[in-house]
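Asker: Spelled out, the chains give:
There are 2 protein chains.
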Amino acid sequence: MSLPEKIEVSADRKYPVYLGAALEDLGGYIHSLPDKVEQILVISHKKVADLYLERLMTGLGDYTVDLMIVPAGEEEKSLDRLSRLTTDALGFGADRKTLVIALGGGVIGDLAGFFASVYMRGIRLIQVPTTLLAQVDSSIGGKVAVNHPAGKNILGAFHPPVAVWTDFRTLDSLPWIEVENGLAESIKHALITDSDFFSFFETQADSIKRRDPVIWREMVARSASIKVRVVSQDEREQGIRRLLNLGHSFGHALETEMNYRGVTHGQGVSIGIVAAAFLANAKGLITLNEVERIKQVLRCYDLPTSISRQDPHALLQRMETDKKNQGGRKILILPQGIGNAVVSKECKDEEILDAWQKVILEDN
Amino acid sequence: MSLPEKIEVSADRKYPVYLGAALEDLGGYIHSLPDKVEQILVISHKKVADLYLERLMTGLGDYTVDLMIVPAGEEEKSLDRLSRLTTDALGFGADRKTLVIALGGGVIGDLAGFFASVYMRGIRLIQVPTTLLAQVDSSIGGKVAVNHPAGKNILGAFHPPVAVWTDFRTLDSLPWIEVENGLAESIKHALITDSDFFSFFETQADSIKRRDPVIWREMVARSASIKVRVVSQDEREQGIRRLLNLGHSFGHALETEMNYRGVTHGQGVSIGIVAAAFLANAKGLITLNEVERIKQVLRCYDLPTSISRQDPHALLQRMETDKKNQGGRKILILPQGIGNAVVSKECKDEEILDAWQKVILEDN
Ligand SMILES: NC(=O)c1ccc[n+]([C@@H]2O[C@H](COP(=O)([O-])OP(=O)(O)OC[C@H]3O[C@@H](n4cnc5c(N)ncnc54)[C@H](O)[C@@H]3O)[C@@H](O)[C@H]2O)c1
Ligand SMILES: NC(=O)c1ccc[n+]([C@@H]2O[C@H](COP(=O)([O-])OP(=O)(O)OC[C@H]3O[C@@H](n4cnc5c(N)ncnc54)[C@H](O)[C@@H]3O)[C@@H](O)[C@H]2O)c1
Chain V
2 MSLPEKIEVS ADRKYPVYLG AALEDLGGYI HSLPDKVEQI LVISHKKVAD LYLERLMTGL
62 GDYTVDLMIV PAGEEEKSLD RLSRLTTDAL GFGADRKTLV IALGGGVIGD LAGFFASVYM
122 RGIRLIQVPT TLLAQVDSSI GGKVAVNHPA GKNILGAFHP PVAVWTDFRT LDSLPWIEVE
182 NGLAESIKHA LITDSDFFSF FETQADSIKR RDPVIWREMV ARSASIKVRV VSQDEREQGI
242 RRLLNLGHSF GHALETEMNY RGVTHGQGVS IGIVAAAFLA NAKGLITLNE VERIKQVLRC
302 YDLPTSISRQ DPHALLQRME TDKKNQGGRK ILILPQGIGN AVVSKECKDE EILDAWQKVI
362 LEDN
Chain Z
2 MSLPEKIEVS ADRKYPVYLG AALEDLGGYI HSLPDKVEQI LVISHKKVAD LYLERLMTGL
62 GDYTVDLMIV PAGEEEKSLD RLSRLTTDAL GFGADRKTLV IALGGGVIGD LAGFFASVYM
122 RGIRLIQVPT TLLAQVDSSI GGKVAVNHPA GKNILGAFHP PVAVWTDFRT LDSLPWIEVE
182 NGLAESIKHA LITDSDFFSF FETQADSIKR RDPVIWREMV ARSASIKVRV VSQDEREQGI
242 RRLLNLGHSF GHALETEMNY RGVTHGQGVS IGIVAAAFLA NAKGLITLNE VERIKQVLRC
302 YDLPTSISRQ DPHALLQRME TDKKNQGGRK ILILPQGIGN AVVSKECKDE EILDAWQKVI
362 LEDN
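As given, the protein sequences belong to chains V and Z, one line each in that order.
2 is the number of the first residue of the first sequence in the numbering used here; add one for each residue after it.
2 is the number of the first residue of the second sequence in the numbering used here; add one for each residue after it.
Warning: the hint list may mix true and false statements.
Repeated chains share a single entry, so a pair holds when one copy, or any two copies, can fit it.
Stated by the list, open to error - With a straight-line cut-off of 20 Å between C-alpha atoms, the simulated PhoX-like cross-links for lysine-lysine are:
1) LYS37 - LYS349
2) LYS296 - LYS48
3) LYS346 - LYS98
4) LYS331 - LYS153
5) LYS331 - LYS349
6) LYS47 - LYS359
7) LYS331 - LYS98
8) LYS296 - LYS37
9) LYS331 - LYS37
10) LYS359 - LYS349
11) LYS359 - LYS296
12) LYS7 - LYS48
13) LYS98 - LYS153
Derived from the structure by calculation, the hints contain no laboratory data.
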């Protein structure tokens with residue numbers, strides 16, 4: 002067994018991210034926590050629990066462990082599901098000494114995390130991410146949330162976990178369509194902070210698509226480390242953390258306008274990154290050549306760089322209600338060359354429309 | 002105009018409690034905040050808004066202010082109401098620069114506070130308490146919550162306000178039955194920390210019942226200051242803050258067993274304080290004479306010290322699910338003489354049953 006790499010998130014409260022940890026070893030880690038754990042709730046999807054709960058349980062034999070299965074799907078990140086989890090947790094006798102383990106992707110992480118943040122005003126949480134997106138992105142940074150009919154992630158909290166326990170081997174079972182969601186975020190991480198890592202995506206496409214374990218390990222570790230670095234500098238998203246939203250304001254608008262059908266989150270982000278790159282080009286922040294490199298690398302991984310049959314005005318309208326807007330002004334993150342990004346507070350509606358036009362295919 | 006007294010709560014994030022502030026002056030205070038406010042949501046009951054919104058608006062003329070009226074009643078502290086507030090807030094265009102003002106008693110404070118704690122992962126909150134209970138207790142300390150069918154205050158957060166703005170004059174319109182709820186908590190504050198303040202309640206009963214403004218001012222200020230002192234030492238309820246639960250484990254059991262009918266919160270706490278005192282006496286922590294003094298002072302204010310027709314075993318059963326229990330053990334707060342209290346982790350079921358017996362009247 003190789004020891005996991007430990008990197009520390011320095012936030013309001015510091016916490017470790019273990020990269021390359023084994024599910025079987027989590028129990029030993031929990032035993033070593035200074036403040037005793039008296040009961041454990043594992044929140045997961047059926048499919049993920051079927052695959053991985055047994056390995057997790059190897060180390061948890063000493064504890065009372067209760068399992069709460071949540072149906073798969075973004076729509077389960079809801080107040081209604083929170084309420085049901087609460088009923089079940091009370092039924093299991095969960096109290097302030099109970100620890101929640103979120104075993105799954107970003108949906109489980111966000112939902113179980115929000116549950117842990119509000120149950121009895123906050124109980125402990127360990128994130129055990131099992132999707133690429135969760136390992137490189139959503140499990141790190143303390144953000145947890147549920148959706149509301151009127152908006153995604155509208156109700157949430159900052160609830161830093163006790164630890165993030167990342168077993169790379171859980172990704173072996175992940176369907177490629179889910180891999181793509183994580184790749185979009187990883188490429189975004191490279192684009193906003195690390196041109197060398199961006200080149201890695203350009204040169205290693207074959208190995209990554211073959212899921213070469215050594216290359217994957219490097220990819221996940223580098224990408225997760227970028228997220229750790231960014232949120233350590235700015236837990237509350239007052240500054241640099243906002244850069245992580247590159248592509249997301251455009252992407253969210255597209256996802257909501259399409260009613261979350263026919264476009265995955267990763268695809269939305271991918272198109273959003275391209276739109277943001279075109280806007281950056283219009284503002285002189287990036288060359289057309291660099292925009293092409295971005296499109297090229299996304300295409301390498303089968304990520305879309307354009308969409309057909311959309312109304313740019315409707316998409317612009319969707320961007321009005323973005324959580325990141327402040328006082329009615331539109332704030333967008335734009336790439337500045339490759340490996341760098343900036344917050345632009347002065348994005349005019351016409352510029353945004355132009356950027357949308359450039360990623361919308363004319364049908365004829 | 003006399004300047005309000007300012008005391009500071011030192012917590013994770015410090016915040017001021019202004020005692021004897023005028024509603025009319027809140028706008029000026031908000032203008033002086035370092036981080037600009039761009040929009041205000043006032044959350045209140047219709048009755049309270051009818052009485053006090055105009056005075057509050059005096060100082061808020063410069064801002065976009067939207068009013069969200071919540072029907073009165075404990076049952077509105079719910080996830081369902083949280084969801085409706087969210088819909089309305091999004092409709093008003095509330096974003097991260099929006100400030101929430103909770104204008105009302107503890108129900109509004111807890112509900113609006115929880116809403117503010119989770120809306121877009123947390124926006125700013127000012128507590129403007131208008132009941133005695135809210136002024137001396139619930140507005141101070143950062144605890145916010147909603148109820149769940151399976152338990153009171155089960156889902157919540159610590160969300161320290163920007164400030165607590167306490168205008169004593171709003172209490173003039175408070176019905177006596179509501180005053181009693183606050184008195185029970187005030188007397189509890191005295192009992193657990195300040196024997197001199199306890200004597201104040203013994204000697205000033207006539208003036209307090211007449212609502213003598215000078216005596217009331219002193220009562221509210223002293224009681225609020227005790228709450229500030231306690232939560233400043235222990236925001237997260239790891240130690241001394243737990244003493245504030247004196248009477249509440251018994252009281253909650255009674256309230257839930259009676260289905261919140263026929264007993265107010267203050268009455269529950271009052272009977273709970275007496276039960277805790279009897280249990281303390283059985284453990285040699287307090288003399289029977291002191292138990293009598295406690296009963297006497299509660300009776301002075303028409304607060305009950307016993308209840309008829311209850312099954313002590315059913316009440317004991319209700320105490321099983323108390324949030325404060327840890328790992329199945331019952332933890333109770335007991336008075337130690339007058340002006341002092343302790344956390345007792347070793348309360349046996351028989352002792353608790355005996356204490357219940359002493360406050361249950363035999364009918365015949
Ligand atoms: N909190 C944050 O900072 C943050 C950041 C980005 C995204 N998110 C959130 O993350 C969510 C998306 O997360 P996601 O992309 O992981 O989706 P997901 O959690 O829905 O997982 C996708 C699917 O993969 C399955 N799955 C999970 N692990 C598996 C495995 N090892 N093998 C096989 N199947 C597996 C799941 O059961 C699910 O059906 C969104 O709700 C988004 O809002 C949060
Ligand atoms: N967060 C905490 O630390 C904490 C502490 C103690 C209690 N609480 C909570 O507080 C709640 C009880 O609060 P409460 O006793 O203030 O009850 P409440 O908020 O229900 O108010 C009681 C009634 O008085 C009315 N009212 C309010 N101000 C008035 C005024 N100035 N004049 C006339 N009428 C007025 C209200 O409209 C309401 O009908 C409970 O939900 C309890 O859980 C919270």
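Asker: Check each numbered hint from earlier against the structure, then list the numbers of those it violates in ascending order.
Answerer: 1, 2, 6, 8 and 12
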